[in-house]
Amino acid sequence: MKALALKLLGGIVLMCIFFLLLLWTTADNHLLGYPQPQSPGQPPTNLGKQVYDAKCAVCHGKEGKGDGPATAALDPKPRDFTLGKYKYRSTESGSIPTDDDLLKSIRKGLHGTAMIDWESNIGGDSLRAILDFVKLFSPRFKSEKPKPVQVGLVVPISNATIDAGRKVYDRLQCSKCHGHDGKGTGAEVTTFMDDWGFETHSTNLTEPWTFRGGSSIRDIYLRFRTGMDGTPMPSYVGAASDRDLWSVAQYVASIARKPAWSMNEQELRAHYGQLDQEAKSDPVRRGRYLVSVLGCTDCHTPLNPTGNPLEGMQLAGGQRWEVYPFATFYTANLTSDPETGLGSRTDQQIKDALTKGIKSDGSRMLPFPMPWPSMAGLKEDDLNAIIAHLRSLPPVYNKVPELEKPNVFSYLWGKFQMLILKKPMPAYIRSGNHGAPKERSLSQAVTSGKEKRP
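If you use my numbering, the sequence shown corresponds to residues 556 to 1009, in order.
I should point out that these hints are in silico values taken from the structure, not numbers from a laboratory.
Being a predicted model, the structure only gives us computed values, none of them experimental.
Even glycine gets a Cβ: it sits at the ideal position worked out from N, Cα and C.
The reader is advised that the hints may include incorrect statements.
[Stated by the list, open to error] In silico lysine-lysine, DSS-like type, Cα no more than 25 Å apart, as pairs:
| # | residue 1 | residue 2 |
| --- | --- | --- |
| 1 | K906 | K934 |
| 2 | K813 | K914 |
| 3 | K690 | K610 |
[As the list claims (entries may be wrong)] Across the chosen pairs, the derived CB separations fall in these ranges:
| # | residue 1 | residue 2 | range |
| --- | --- | --- | --- |
| 4 | I913 | P787 | 18 to 28 Å |
| 5 | V613 | I913 | 31 to 41 Å |
| 6 | D655 | M973 | 23 to 33 Å |
| 7 | T786 | V613 | 47 to 57 Å |
| 8 | P787 | D831 | 27 to 37 Å |
| 9 | L708 | D655 | 21 to 31 Å |
| 10 | P893 | K663 | 45 to 55 Å |
| 11 | K911 | H735 | 49 to 59 Å |
| 12 | Y983 | N962 | 14 to 24 Å |
| 13 | P949 | N676 | 17 to 27 Å |
| 14 | G867 | T786 | 17 to 27 Å |
| 15 | L974 | M818 | 42 to 52 Å |
| 16 | T861 | K610 | 40 to 50 Å |
| 17 | N676 | D654 | 17 to 27 Å |
Modelling step: build the complete structure from the supplied sequences, incorporating the hints.
Right, here's the structure in full:
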C-alpha cells in the first residue's frame, strides 16, 4: 500500500512538472518558432538579409562561409562567399564575377547540386536583394571591378573546325583529366581537391546537361577561356589562341551523347546494357560510385569544424548525430578493420544491415539516421559492388560508441512538443571523430562527445 502511494505521488509530481513546462513553453512564442515583436523604433531588417537568413543560410551559413547546418549532408558543398571565388563566370581568370553571372546562378540554380532555381520560388526584388547582400560577405566586391571577357569573332561551326578542336584537345592534354573519349576513360586522375578543401571530380564531357555553367558552344568556350577559379580547371589564355578555344569548344559539343529521355526503347536497352557490362567488369569502381551517390561518405566520414573530411578517416565512422528526442547516434566504421570495422563481418551480414537494418548481433536499427529502407530494393550485383568497394578500403581502427538513449521523461516531453505543440525538434551533427582510435580510450571518446548543445 505504501509503495502504491509513493508511485501515485511520484506520478502527480511528474504531471505537475510537465504542465509547468508546458505553460512556460507556450508563454514564450520565440521557443515555438515565432519571432518576438520588434522594439518601437527598431529599423526594419534589410530585405536581402531577411531573405538570405530564411532561404540561404541553412546551406551557406549565417556568415556566408558555406558552413550552414545542412552542409554535412551536401555534396558538392555550398559556396563560401567570403573568399569571393566563383567558378561560373564570364570574366577573366582571377576576376570577380559580374552581377549577371551571380544572378544567373541564383535564378537558374546549378544542376546536380542543392542549389535550386530561386526564380520560381521568390520574386524579382528579392533575387536582386539576395545578390547585393551576398556580395557584402567578401571585401573583393568593394575593392575590385569585374573584368568581362571580350569575346572576339565567333568561329562558325564546321567539320573542319571540330577536327581541329580534337587536335587542340590532345595538345592541351585535356585527356589527362577527362579521358581520350571525354568520359574519363584512360584519364590519369579524375578526383581532385578544390581550394575549399573538398573533393571534386572531372566532368563527363559527353553529358552536357550536367554542365553547371551552361552547355552552349559559347558557354563551353568561356570555361576554357576563364577557367573555373578554385578548381584544377585552368584558363587556357596564353596556351591556345582564341580560334583554338572556339574549335575545342565545338569539339566538346560534338561528342555529346544522346540523353536517355530522348532514346527509343531499342536505344535504351542498348545503353543500359552497356552500362551493366561496364559495372560488372569493375565492381570496386561501381561500388565506389554507389557509395558516393547513396551519400554513405556524408555520414560515415568524420568532419573537421569547417566541414572537410578528417584526413585518414575515410568511412571510418565516428560522426555524432544528436537527434532529439530519439537518441544520440554514432555512425559505424565501414573500413576493413577486423575489430572495429567490417573486416570480420560476412557479406550476408553487411547486406542484411544495408537492406533490412539488422545488425550483426541480431538487433534492428531505426530507419533513421541510417536510411536502410531506401536501400531495400538494391540489386544483388549492386550490393556485391558496394561490399567489394568497402572491402578495398584500408583498415582504420576506430571504436565507435553505441547509441545513447534519452530517459523516458525526455523522450515523452520531446514527442509531446513534436506532435501536440508542432514544434520542430533539433538535430545536431557534431564535428570531429567521436570514436576511439588506438591512441585514445573509449571512455575518453565518449566523454569528449558529451558536449553541450549551443
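Evaluation of the provided hints:
1. Using a Cα cut-off of 25 Å, the hinted pair K906 and K934 holds, with the two alpha carbons roughly 11 Å apart.
2. For the suggested pair K813 and K914, the alpha carbons sit about 43 Å apart, so the restraint of at most 25 Å is broken.
3. For the hint linking K690 to K610, the alpha-carbon distance of about 16 Å falls within 25 Å, and the restraint holds.
4. The supplied range of 18 to 28 Å is broken by I913 and P787, whose beta-carbon atoms lie about 43 Å from each other.
5. Judged by the Cβ atoms, the range 31 to 41 Å given for V613 and I913 holds: they are separated by roughly 34 Å.
6. For D655 and M973, the Cβ-Cβ distance of about 44 Å falls outside the hinted range of 23 to 33 Å, so the restraint is violated.
7. Hint check: T786 to V613, Cβ distance near 24 Å, so the stated range 47 to 57 Å is violated.
8. Checked against the hint of 27 to 37 Å, the C-beta distance between P787 and D831 comes to roughly 31 Å, which is consistent with it.
9. About 22 Å separates the C-beta atoms of L708 and D655, a value consistent with the hinted range of 21 to 31 Å.
10. Against the hinted window of 45 to 55 Å, the Cβ-Cβ separation of P893 and K663 comes to about 49 Å, which satisfies the hint.
11. For K911 paired with H735, a C-beta distance near 43 Å fails the hint of 49 to 59 Å.
12. Judged by the Cβ atoms, the range 14 to 24 Å given for Y983 and N962 holds: they are separated by roughly 19 Å.
13. Under the hint 17 to 27 Å, the C-beta atoms of P949 and N676, about 44 Å apart, miss the expected range.
14. A C-beta distance of roughly 24 Å is found between G867 and T786, which places it inside the suggested range of 17 to 27 Å.
15. Between L974 and M818 the Cβ separation comes to about 47 Å, which falls inside the hinted range of 42 to 52 Å.
16. Between T861 and K610 the beta carbon distance is about 23 Å. The supplied range of 40 to 50 Å is therefore violated.
17. For the hinted restraint 17 to 27 Å between N676 and D654, the CB-CB distance of approximately 20 Å keeps it satisfied.
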